[in-house]
Structures are given as C-alpha cells and as structure tokens.
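Engineer: As they're listed, the protein sequences go chains A and B. Sequential numbering of the first sequence, starting at 1, is according to the working numbering. Sequential numbering of the second sequence, starting at 1, is according to the working numbering.
Worth flagging that the hints you see were computed from the coordinates, not collected in a lab. None of the values given here were measured: they were computed from a predicted structure. Virtual Cβ for every residue (Gly too), placed ideally from N, Cα, C. One or more hints might be untrue.
[Stated by the list, open to error] The following label-pair restraints were derived from C-beta to C-beta distances: (1) B:H117 / A:I4: 40 to 46 Å; (2) A:L243 / B:I297: 39 to 45 Å; (3) A:I239 / B:C59: 40 to 46 Å; (4) B:F40 / A:V75: 44 to 50 Å; (5) B:L84 / A:V75: 50 to 56 Å; (6) B:A14 / A:L243: 41 to 47 Å; (7) B:S224 / A:K253: 27 to 33 Å; (8) A:L243 / B:A54: 32 to 38 Å; (9) A:E140 / B:G107: 26 to 32 Å; (10) B:R217 / A:E140: 43 to 49 Å; (11) A:L243 / B:F40: 39 to 45 Å; (12) A:V75 / B:Y128: 49 to 55 Å.
The residues making up each chain are set out below.
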Amino acid sequence: MTAIQRIKQKFFESQVWRSIFRHGYPDTRRNQSLAVLSNVFLHLHPVSVRKSGIRLSYTWCMGGISFFLFLVLTVTGVMLMFYYRPTAEFAYNDIVQLREDVAMGIMRELHRWGAHAMVISVWLHMYRVFLTGSYKPPREFNWAVGVILLKLTLLLSFTGYLLPWDQLAIWAITVGTNMARATPGAGHEGPFSSMIKLGDIPLLHSGSDVRFALLGGRFVAAPALLRFYVLHCVGFPLIAGVLMAVHFWRVRKDGGVSGPL
Amino acid sequence: MAEHDVFSYVPTWAWQPKFFFPILSLLFFIVIWNDRLIRFLVKPATALTVLAVATIIFCLGLKNPTFRAIVSKGDNIPIVMMLLLVGFFTWLALRRGTLNDDRIAQGLKPMEEDEAHQKVMVWPDLVYIEFICLILISAGLLVWSLAMKAPLEQPATRVDTPNPSKAPWYFLGLQELLVYFDPWIAGVLLPGIVIGGLIAIPYIDNNPKGQGYYTLRERRFAISMFLYGFLILWVVLINVGTFLRGPNWNIFPLGDVWDVHKIEVLNNVNLSEYFWVLGMGQPLPAHWFVRELPGFILVGGYLVLGPAILAKTLFKKMYQELGFVRYSILVMLFLLMLSVVLKMVLRWSFNLKYFVAIPEFFFNI
Chain A
1 MTAIQRIKQK
11 FFESQVWRSI
21 FRHGYPDTRR
31 NQSLAVLSNV
41 FLHLHPVSVR
51 KSGIRLSYTW
61 CMGGISFFLF
71 LVLTVTGVML
81 MFYYRPTAEF
91 AYNDIVQLRE
101 DVAMGIMREL
111 HRWGAHAMVI
121 SVWLHMYRVF
131 LTGSYKPPRE
141 FNWAVGVILL
151 KLTLLLSFTG
161 YLLPWDQLAI
171 WAITVGTNMA
181 RATPGAGHEG
191 PFSSMIKLGD
201 IPLLHSGSDV
211 RFALLGGRFV
221 AAPALLRFYV
231 LHCVGFPLIA
241 GVLMAVHFWR
251 VRKDGGVSGP
261 L
Chain B
1 MAEHDVFSYV
11 PTWAWQPKFF
21 FPILSLLFFI
31 VIWNDRLIRF
41 LVKPATALTV
51 LAVATIIFCL
61 GLKNPTFRAI
71 VSKGDNIPIV
81 MMLLLVGFFT
91 WLALRRGTLN
101 DDRIAQGLKP
111 MEEDEAHQKV
121 MVWPDLVYIE
131 FICLILISAG
141 LLVWSLAMKA
151 PLEQPATRVD
161 TPNPSKAPWY
171 FLGLQELLVY
181 FDPWIAGVLL
191 PGIVIGGLIA
201 IPYIDNNPKG
211 QGYYTLRERR
221 FAISMFLYGF
231 LILWVVLINV
241 GTFLRGPNWN
251 IFPLGDVWDV
261 HKIEVLNNVN
271 LSEYFWVLGM
281 GQPLPAHWFV
291 RELPGFILVG
301 GYLVLGPAIL
311 AKTLFKKMYQ
321 ELGFVRYSIL
331 VMLFLLMLSV
341 VLKMVLRWSF
351 NLKYFVAIPE
361 FFFNI
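In isolation and in its complexed conformation, chain A is listed as follows:
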C-alpha cells in the first residue's frame, strides 16, 4: 500500500468523515442506495426510478429546473434584501446603487432573469404533465397542487415587479391591480356592487374594497410597496414552500414520475 492510499484510507475512515457520510464510496448497489437514503436532500428521491422517468425527451426536466430556479431566486433574493429598503423614499435609489456602485453586481439580474425563466419553466412543466396524461389517477390532487403553485409563481413574479419602484413597476402593477376593483362582490366597480349598502351608505367603495386591501390605499403608493414587499419576500414564498413540500411528497406517494401503466 502506497503512502497516498494509506492517507486516503485514514481520511475516509476517520471519525469526522464517517460521522458525515455513513456509507462507503457509492460504487456498490448498497452504497448507492445509502448515498440517497442517508442524505436529507437526496432522499427527496427514491433509491431507484423507472428508466423512462429520467429520460429527458420524456420529462424535459422542467419540474426540477423550476425547483432549482426557486432556490436561485431565494438565495439571490436574500442577498438583495441586504441592500434594498421597501420605502418610496429609498427603494428606487437602492436599485440604482445596486446597478451603478457594485462592480460586476449581477444579483438583481440573476433574480429578474431567473424569475422570468421560472415562469416559463413552470408553464412547460405543466405542459409536459398534461401531454403525457400524468394528471390522471392517482395524481389528480397533485395536479391541483401544481396549478396552485403555478398561480403562486405568477403572483411571486407580479409582486416582485413593483419593488424597483420605477415607471415600469408602478404602471404594470396599476394595470394589474385595477382588475381587483371589478371583483364581483368585493370590488367597488364590480357588478352589482352599488347594491351592497346599508340604507343610503354604500358599504363597498374605493376605500373599503379588495383593491384597497391589496394596495393599502386607493392607488399604487408607498403602502402598496410595503405590502407587495412583505408578500413577495415572506408571504408567498412560505405558502409556495409548504405546497412544494406537499407536491414533491405526493410525487413519491402517487407512484413516482409517471410512466405507462
């Protein structure tokens, strides 16, 4: 045994190494199984999968890419939170400084392009799942969870759109949230909203409807920025995180990546 082999052996059999990785090098079936089973991240997967389930021309890898992009967005988003202050006073200038003052600073770029990419990858994931009939029993419920996750992806992107606090942002959000005031039964310009009143006092007006609740005011201003910031950084990611856990778990429980019955 050469010196290098001896050092290697000492290293891989040391108490420190063995405390982290409880199995040998994954070149045997047993150790390959243990590599997946004894790793909290990898054990999202089963030990073995259908061969069709890893064929790229079948799965397109879009679900995995969506999840990876979510992680990228989480990390870059946290980085951006160190510098960005969600107030009408500072928001725009903070973005300008991120743009002008950070050498090779691409966190905002990664975050924005990653967000666009995630919208596309989630759509394509749904597209693939539909076209392979993978929503059919027993996966009906997981399809429903997926639809909600798709909606959350759009909401995450939409709430993030406001944060740079530039012209692009407030007018896109103005166009988007103007819809809310037409919500039947909850918006003041919704159908029959004028009939919701107590005597002569209208209960549903521009200061009490769902758009007001969303924006914290009658138009897109500082309170809306704060609300969107909190929803974007805390609210929606939490809900999406919980639903993703359900989604991935159900993929396993409903028989793994779909294949012909």
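Given the coordinates of chain A, work out where chain B should sit on it, guided by the hints.
Structural biologist: Structure of chain B alone, referenced to chain A:
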C-alpha cells in the same frame, strides 16, 4: 425606412388580430384533427425548415429599428425565448405522440413502455443528470445576467402615465381580453375559470388511456382543447399584447413606428341597440330589464340550451362516457372558452360591444 425591411412585404391588414386570429384558430383545428398533416409537420425536416425560416425572418427583422427596440427590451427577451421553447416542446411532444400512435396502431406498446419496467439507480443515473442540468441552467443564467442589465426606468411617478401601460408580459393575454370584456370578466372571472378549469381537468377526464406516454390519437379532444387554450389563447395573445399593441392600445403592424396620434375608429354597438333601434326601429326601452331582454335570452340560451343541444349532437358520445356531472362541467368550460373567441369574432365583424349592458350595476357581458 419601412420599405426595405422584411415586415413591409406583409400587408397592413394581415397584422390585425381580426384577420390572423380566426385563421390561426382554424388552422390549428385542421392540423390537430388531421393525422397526415400533423405527421408531415412533425417530421424533423419540416420542423427544422420552419425554425430556419422563422430565424431568417427574425434576423432580417432586426434591421427594423422599431422591431429591434421591442425585441431587445429586457422583459421581452423571455417572450422570444418562450416562443422558441414552446415551439420546440410542442414539436417534441407531438412527434413522440405520433410515433407512439403508429406503434399502437401496429399493436406495439408506446416507446416509454420498455423503459417503464426497467429500474435505474438514482445514484448515479439521476443525480448526474440533475447535476448537469443545474450547471447548464446556472451557466445560462450567469451569461444572460452578465450580458444584459435588468431593466430600470425613470423613478415611479403618478404624474406621468406611460402610453401604452402594459402589465407584466405573462399577463398580457389577459390584458388583451380587456379589449373585448369588462375588467370583472377579463381580470377576475376568466382567470378564475382558467385556474378552476385546470384543477378540474383530472376529475373531468375519465379517459383511462394515455397515461404516462405521449399520444395524440388516444386523447385527441383533451389535447386539442388544452393546446388551443395554451398555444392560441394564451401564448398568441401574449405576443399580440407585446409586439402589436402600441400607444392607446392600438394595433401597430410589426416594424411600424408607434405613433401616439394614430386614430382608430371605435364605434362599438350593444346588442340592445342592434335589436331595438336597428331591428325594431324604436328607441331603447327605458327600463333596463326590457332593454336587455334580448341579451338575457341570448346568453341564457347559450349557457342553458347549448349544453343540452351539444349532448344530443356533437358531444353525444362524450355525454354517455362522462355522465351528467362531468359532462356539465366540461361543456360549461368548453362554452366559456368558445364564448371568449365568439365575442372577439363578433366584435371584429359587427362591432358588438356587449350582449348585456347594464351600466347601472356595472354589469356588462
């Protein structure tokens, strides 16, 4: 300058959605229901030719400054990317679907079948695919981020309204529907129905075939409905909103300068006016209920009689297979999707504004 670019060969009227949208819709259904046509289109040679022609037109188009300005706008890059990806994956799915259909017709199992019964170890087979995917995506994102700055315009101000004001790109299809519907329908009802309808799909579709492999023939109705909704009503309308809608939400042919002062005649007429004024030759009745009675009858008849008539005729087999509840939900979703298209066509051909217009209650459909 517009004389010399590739877009000037297309006549102005051809850029109007009222021209190309119905044609696209018709073409879509002709192709998806025609096995021979679709087999020709999914041949790699055909697909590559389409891609090459599109790329050449796109590159020639870049000579046009207006087109270049729209395409190179940061937030529009993903739309170009999405067009490529959606095109590619539609081709891939239909290609594999038709290959599988041929195999099934010969009494063979679908391509995925063999591999479905072989198991591979996650470590290393899946883990390394994921790892490579992750590296490629990271590299792509890094290059994209280094090459292009994220957009940032002037600081937000409520004094200066941009014209046109556009929603984020993925909502532009819905914003496009605002031309034809009131906000409570385009912005609330229809998105709600899309979400609800998507969730309902697995509970309505009780066709046991076609699970876990690409096919067209075994699920043609389901696939054609979904593809029509996604490709034509969602992706095409997003592109109309991005590339053709300019100031004042007017249609501008690709490559034309966005002139803020362009004037379009807007002369939309309600059904009640068509019926009472033009049809009966009398003024509009004073009470809204009488005034809108023709609209109520038309819309009510469409949603009540439509399902019954379809159950007896076109959807007879489906009604028997699905049962009453599933059929009712399906046919409602179908009729509502169709009504979106119908309303657009009626607007284009008769300037029809509303079937039922009760501005007294903000209730216009």
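Engineer: Confirm or reject each hint.
Structural biologist: Going through the hints against the structure:
1. B:H117 / A:I4: 40 to 46 Å: Between H117 (chain B) and I4 (chain A), where Cβ atoms are some 44 Å apart, the hint holds.
2. A:L243 / B:I297: 39 to 45 Å: holds, 44 Å
3. A:I239 / B:C59: 40 to 46 Å: Since I239 (chain A) and C59 (chain B) have Cβ atoms about 43 Å apart, the given range 40 to 46 Å holds.
4. B:F40 / A:V75: 44 to 50 Å: For V75 (chain A) against F40 (chain B), whose Cβ atoms are near 46 Å apart, the range 44 to 50 Å holds.
5. B:L84 / A:V75: 50 to 56 Å: Taking Cβ atoms as reference, L84 (chain B) and V75 (chain A) lie about 27 Å apart, which means the hint is violated.
6. B:A14 / A:L243: 41 to 47 Å: Distance hint for A14 (chain B), L243 (chain A) holds at roughly 44 Å.
7. B:S224 / A:K253: 27 to 33 Å: Given about 32 Å between the Cβ atoms, the range holds.
8. A:L243 / B:A54: 32 to 38 Å: About 37 Å separates the Cβ atoms of L243 (chain A) and A54 (chain B), which means 32 to 38 Å holds.
9. A:E140 / B:G107: 26 to 32 Å: Since E140 (chain A) and G107 (chain B) have Cβ atoms about 30 Å apart, the given range 26 to 32 Å holds.
10. B:R217 / A:E140: 43 to 49 Å: Once the Cβ atoms are compared, 23 Å apart, the range 43 to 49 Å for E140 (chain A) and R217 (chain B) is violated.
11. A:L243 / B:F40: 39 to 45 Å: holds, 42 Å
12. A:V75 / B:Y128: 49 to 55 Å: Violated - the Cβ-Cβ distance for V75 (chain A) and Y128 (chain B), about 23 Å, lies outside 49 to 55 Å.
Figure legend: structure checked against the earlier numbered hints; hints not met, in rising order: 5, 10, 12.
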